[in-house]
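Visitor: Given chain S, work out where chain A should sit, using these hints.
2 protein chains.
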Amino acid sequence: MQQQPLQIAIQGARYAFSEMASRQFFGDTIEIVSCRAFDDVFESVINKKADYGVIPIENSLTGSIHRVYDLLLSNDLFLVGEVVLRIEQHLIAHPGVALEDIRVIYSHPQALEQSRNFLASLKNVEAVASYDTAGSVKMIRDEGIRDAAAIGSRWAAKDYGMQVLKAEIEDIPENFTRFYVISCEKKTFGQANKTSIVFSMKNIPGALFKSLSVFALRDIDLLRVESRPLRGSPWKYIFYLDFAGNLDEERCQNAIRHLEEITTQLKVLGSYPAATDNHSSFE
Amino acid sequence: MQQQPLQIAIQGARYAFSEMASRQFFGDTIEIVSCRAFDDVFESVINKKADYGVIPIENSLTGSIHRVYDLLLSNDLFLVGEVVLRIEQHLIAHPGVALEDIRVIYSHPQALEQSRNFLASLKNVEAVASYDTAGSVKMIRDEGIRDAAAIGSRWAAKDYGMQVLKAEIEDIPENFTRFYVISCEKKTFGQANKTSIVFSMKNIPGALFKSLSVFALRDIDLLRVESRPLRGSPWKYIFYLDFAGNLDEERCQNAIRHLEEITTQLKVLGSYPAATDNHSSFE
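Which chain is which? The protein sequence lines are S and A, in order. As numbered in this note's numbering, residues 25 to 307 make up the first sequence, in order. As numbered in this note's numbering, residues 25 to 307 make up the second sequence, in order.
In case anyone wonders, no lab produced these hints; they're calculated from the structure. All values derive from a computational prediction rather than experimental measurement. Just so you know, not all the hints are guaranteed correct.
Any copy, or any two copies together, can satisfy a pair, since identical chains are not distinguished.
[Said to hold, decoys possible] Capping the alpha-carbon separation at 20 Å, the derived lysine to aspartate or glutamate pairs in DMTMM-like fashion look like this:
hint : residue 1 : residue 2
1    : 226       : 245
2    : 226       : 273
3    : 226       : 243
4    : 226       : 284
5    : 291       : 274
6    : 73        : 209
7    : 234       : 245
8    : 234       : 266
Chain S extracted, bound-state conformation:
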């Protein structure tokens, strides 16, 4: 009996990095529910149009995606997993085409920008902005354009029957994006060893120091902390905090209860297994 493939909602077109993160987490037997915006990913999961959502939360070069945190705060979904994906860019063209033949390179401006040094090394080549990376690959394939290339993923190249003319043309190889897997239900994919919370604090002296003390006093390792100003009058701040442990552990429950004494708002986003290259702490 064949199993139904899991439906995974992502923001973006086919072959977006979110699709690759989904395949890295769930394997290849999934069906992608492509959504225009992050809001739609959440809606798809809430309305059971998808089994899970996979959403980027942080990039090692460009920082946290606060918009996604906002959606995690305003919707009651569970974080059930984490994926860390290396961001790579590849130059893709028709089979048999050589680099010297290329006169135009199409891609999303972000992909063009990330490959700036490579593009600068080429002579007489024009970079042209397009809406999406895989769409550019498809366009030069469909129209049989042999003096153009696109910047996109290996998978797009393979599925469209195109060749990777030059692999990993991105300027900075240490470019990683962290994704969360979101679900309507509490699920476990292995041993949960990491917990993410969001909180805001009472306006008391040394509030942040006190809030971190609830973990330090219980020898709980912190994995991430970030303050985010919320504009209004006066400024308010919220904090993103990840710690090692899960909420089945008594010391973690105690820390959260203690933290609640000094916060105005606290939301546990979920406990989940940390992505495998993501285990060290800074404490």
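Guide: Below, chain A without anything else, positioned relative to chain S:
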């Protein structure tokens, strides 16, 4: 005797948000040195091709720009000022053109994305990606295209003799970017009341908690804290921290000296006057 206008290096084309931040800080009698990349902004300031650089460091929706922090760490420049700019998008067309006449809207994909709800409300209008917002305004002006509009800034509209057909079309009005003003020399533009530092920590238990204690013990308000994983083997973390005060104050000097006891690396980026809507703390 007329004064020479200040040369301000920014990343991006004319009318980029960095230019507006520069005008907000220095006034209108400046000359913009337009640079292709953040690296070039730093180089321009170091090589005295520009008097100052103005660089984005953090956006309220999309997070910290780690790339700029890297450049602040690897170059010995001083932070001498801070600007907070609201990010607005405007629909721009030829004077006399009505919204109903528009069939195509050009802009950078980021500006299109930020105006998604507005674009979705229009019928029979195609959104087309372009390289830069002001370039799109110039293009429809130069080519006399009257059934197209561009998304860009008020200043671009004004300088190119075009009209703002619809103002503030961005989906999320609470979109702010924080910029730093960088200089080769320590300068002061008013009373410095904020200091930014970056540090990494020894691998000791409760290290972050201890590092924040050096401020809490001296009643110094923290204005921002963010951990950033640095990939390698094993993971290392660095921290961005802003606090209220400047390094002429003895308690701040003491806190920094105390912090040096438990950090592996510490760099003071500068003390400067906080941008005016940026005064509250979370402590």
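Visitor: The structure should be examined with respect to each hint, and the outcome stated for every one.
Guide: Okay, the hints, checked on the actual structure:
1. 226 with 245: The answer is between: 14 Å across copies meets 20 Å, while 23 Å in one copy does not.
2. 226 with 273: Neither: 26 Å inside a chain and 27 Å across chains, both beyond 20 Å.
3. 226 with 243: For residue 226 and residue 243, only the inter-copy Cα distance (16 Å) is at most 20 Å; the intra-copy one is 24 Å.
4. 226 with 284: within (10 Å within a copy, 29 Å between copies)
5. 291 with 274: Result: close within a single copy only, 18 Å intra versus 39 Å inter.
6. 73 with 209: This pair counts as within: shortest intra-copy Cα distance 14 Å, inter-copy 57 Å.
7. 234 with 245: Classified as both; 15 Å inside a copy, 13 Å across copies.
8. 234 with 266: For residue 234 and residue 266, the Cα distance is within 20 Å both inside one copy (16 Å) and across copies (18 Å).
Of the numbered hints listed earlier, the single one contradicted by the structure is hint 2.
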